[in-house]
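Peer 1: Below are the chains, spelled out letter by letter.
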Amino acid sequence: MKAFALTRAKDNAQAIATAAKATTAQQGAEIRFIGGGTTLIDLMKLNVEQPKTVIDINRLPLDKIEALPDGGLTIGAVVRNSDLAYHPLVRKNYAVLSEAILSGATAQLRNMATTAGNLLQRTRCMYFRATDMPCNKREPGSGCAAITGANRSLAILGTSEHCIATNPSDMNVAMAALEATIHVRGTKGERSIPIVDFHVLPGNTPQRETVLEPGDLITHVTLPPPAPGSRSLYLKLRDRASYEFALASAAVVVTVADGKITRARIALGGVGTKPWRSTEAESELTGQPVAQAVFQKAADAALRGAKPQSQNGFKVELAKRCLVHALKLATQTA
Amino acid sequence: MLAQARSVSTVFAQRSVKEPLPSSASKDAVPVTLTVNGKKHDLRIDPRTTLLDCLREHLHLTGSKKGCDHGQCGACTVHINGRRVNSCLCFAAMHEGEEITTLEGIGQPENLHSVQAAFVACDAYQCGYCTSGQIMSAVALLKEPCGPEDADVKELMSGNICRCGAYPNIVAAIQSVRQNAKPQKTG
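Protein chains in written order, with the working numbering: chain A, 1 to 334; chain B, 1 to 187.
FYI, nobody ran anything at the bench for these hints, they're computed from the structure.
Hints may contain errors.
Said to hold, decoys possible - A short, non-exhaustive set of chain B residues, derived as facing chain A with CB atoms under 7 Å:
| no. | residue |
| --- | --- |
| 1 | Pro47 |
| 2 | His70 |
| 3 | Gly71 |
| 4 | Arg84 |
| 5 | Gly159 |
Said to hold, decoys possible - A short list of chain B residues far from chain A (calculated; beta carbon distances all over 12 Å):
| no. | residue |
| --- | --- |
| 6 | Lys40 |
| 7 | His41 |
| 8 | Asp42 |
| 9 | Arg56 |
| 10 | His58 |
| 11 | Gln108 |
| 12 | Pro109 |
| 13 | His113 |
| 14 | Asp123 |
| 15 | Gly128 |
| 16 | Asn169 |
| 17 | Gln175 |
| 18 | Gln179 |
Each residue gets a CB set at the ideal place from its N, CA and C atoms; glycine is no exception.
Okay, chain A solo, but in the shape it has when bound (with noise of 0.2 Å):
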C-alpha cells in the first residue's frame, strides 16, 4: 500500500474544502473520503486506489435515520448497512432494502459499510482489481481485458466497447427501485440527485462512475413515502447461498388493486454497469392484470437490450426469469 496522510474531518465543511483540493472525485482520486473502508482499503490494498490523502467522516453527524414529515425516511451517509437493513422503519416500510442490504456481503462487513460507501462501492471485475492487467476503468485508453476475458460475471446491460463491468450493490438496486434521493453538499452548495442520475454508463470515460465532483460529500439519501398498498422484495440469484454478488437479481415495488397492477418500479442487479431501473418493464406492468404472461413480457422488455459476452449470455435468461418470479412472489394473495 502507498504512505497517505490521514486526516479526521472536524465537520462537513472543512471536509468538503480538503476534498475539494483534488483533480478528480472519480477513479485516480488523490484525496479520499473513509467511511466503512471495505473498499477502499481493500482496493487501497491493491494499489488499485492510491489517495495521497485520506479523510476520516465517520465522526461527522451524519449517523441518523430519521422519518420525515412526508412520510419518508432520511438516511445519514455514514449509518452503517446492518444499522439501515435492521431499522424498524427500513423493515416496515421499505422491505425491499432491508431485504437487499441482508443478501450482501457478511455481517461483518454489513457492520462496517456506509450507506454512502455502499452507493460508491466499486466493481468487483477481476481485472480493474488486478493492475498487471489492461482496464480502461483504472487506467483510461489501456483496453478492456474482460470483453475478450473472463466475463462470466459482468454486465449486459449499458455496456460500452470500453467497459463491462458490473455495479456489486444490492443496496444501490432496491435504492433505484425505491427511487430514493441522493444528497450532497460541495464547494458551491447543495445539490439532491435522483439516484437514476447518480450513476452514469461507462460510455467512452469508464474511470467516472458518478456525477460527484472533487469536494462532493454525500451527506445522506432520502426516500420518498412508501406507495400506499405497495409490496416490496428483493430476489438475488448467485453462485453459492451466501456471501456472493449476484449474477442476477430483482427489486419490486407493486401495488395491485382489484386484480390489476396500478404501480410498479423495477431495479435489477448484477447484470447492469450501474443499478439498472427498468422503466421499459415498469411500463409493461402498469395497468395489467397479475398474471405470467405479463410479466414475462416485462422481463422480455428489461432485457431487449442486453448485450451478452462470451461467457454471460445465461444472465439475459436468467435475469428474466429472476423477474418474473420476484413479481410472482410480490404479487401472490397470501
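Assemble chain B onto chain A, guided by the hints.
Peer 2: Then chain B, alone, in the frame of chain A:
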C-alpha cells in the same frame, strides 16, 4: 465451466501486493491511543497499519489471525464497541477512543466464554486457524437479530470461512449456547 469458476475464485482470493509491513519508525507515523480489551495503549504507527497488524505486530495479541487480508475469510474478526468487524479492513488510527475486543478479551484458558466452551464440547474446529474469528463472530451473533434455525446461523456466519469444513460442528456449538442462553434470559 469448472475451470472458469476456479479462475474467478482465485482472483477473489487475490493477495495484497507484497510490500513490507509499514514500520512504526516511519516518518509518517502518527500517535494513537487504542483501548484493547479494556487496556489503553499509546502507540506510534504508520497510518497504513491495519487494526489487525496493529494488534498482532504492535500489541502482540496474536489471537486474531490473518487469512485473506481482504475481508473475505473472517479470521481477523474482532469487536469494535461490541460489534464484529474485519480488523484487516480497518486502519488502526481511525479507532481511537473505541472499545476494541479481541479473542484474548472474551475468555482465558481457565475462564472460557460459553462460546469457547461450546466449541470445545462440540469439536467445532480441526486446524484451528479460523477458530478465533469464528468465536468472535459467534459471540457477536448472540446479540444480533438472528432467527432460531440452523440456516439462520449459517447465513449470519457466512463471513467466517473454515477450510477444514468444520461447519456442522460450528453451527452446533453456536446453537447449543443460544438454546441454553434462552431460558436464563427469560428466567
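Peer 1: It remains to establish, for every hint, whether it holds in the given structure.
Peer 2: Verification of the supplied hints:
Among the interface hints, the one on Pro47(B) holds; its C-beta lies about 4 Å from the nearest C-beta in chain A, closer than the 7 Å criterion. Because the beta carbon of His70(B) sits about 5 Å from the nearest beta carbon in chain A, less than 7 Å, this interface hint is met. With its C-beta approaching chain A no nearer than about 6 Å, Gly71(B) sits inside the 7 Å limit, and its interface hint holds. Residue-level restraint check for Arg84(B) holds (minimum Cβ-Cβ distance to chain A is 5 Å; threshold 7 Å).
With its C-beta approaching chain A no nearer than about 3 Å, Gly159(B) sits inside the 7 Å limit, and its interface hint holds. No Cβ of chain A comes within 12 Å of the Cβ of Lys40(B); the nearest lies about 19 Å off, and the non-interface call holds. The beta carbon of His41(B) sits about 18 Å from the closest Cβ of chain A, which is more than 12 Å, so the claim that it is off the interface holds. At roughly 17 Å, the least C-beta separation between Asp42(B) and chain A is larger than 12 Å, which holds for a residue marked as non-interface.
The Cβ of Arg56(B) sits about 16 Å from the closest Cβ of chain A, beyond the 12 Å cut-off, so the non-interface label holds. Consistency note on His58(B): stated as away from chain A, and its beta-carbon is indeed over 12 Å from all of that chain's, at 16 Å minimum. Interface exclusion of Gln108(B) from chain A stands, the closest Cβ pair being 24 Å apart, more than 12 Å. For Pro109(B), the requirement that its beta carbon stay farther than 12 Å from each beta carbon of chain A is met, with the minimum near 26 Å.
With a closest Cβ-Cβ approach of about 18 Å to chain A, His113(B) is found to remain outside the 12 Å limit, as its non-interface label requires. Remark: the non-interface label on Asp123(B) is consistent with the geometry, its nearest Cβ contact in chain A lying 23 Å away (cut-off 12 Å). Every C-beta of chain A lies more than 12 Å from that of Gly128(B), the closest at about 20 Å, which supports listing it as non-interface. Look at Asn169(B): its CB is around 18 Å from the nearest CB on chain A, clear of 12 Å, so calling it non-interface holds up.
The non-interface label for Gln175(B) is consistent with chain A: the shortest C-beta to C-beta separation is roughly 17 Å, beyond 12 Å. No beta-carbon of chain A is positioned within 12 Å of the beta-carbon of Gln179(B); the least distance is around 20 Å.
Every hint, counting from the list given before, is met by this structure.
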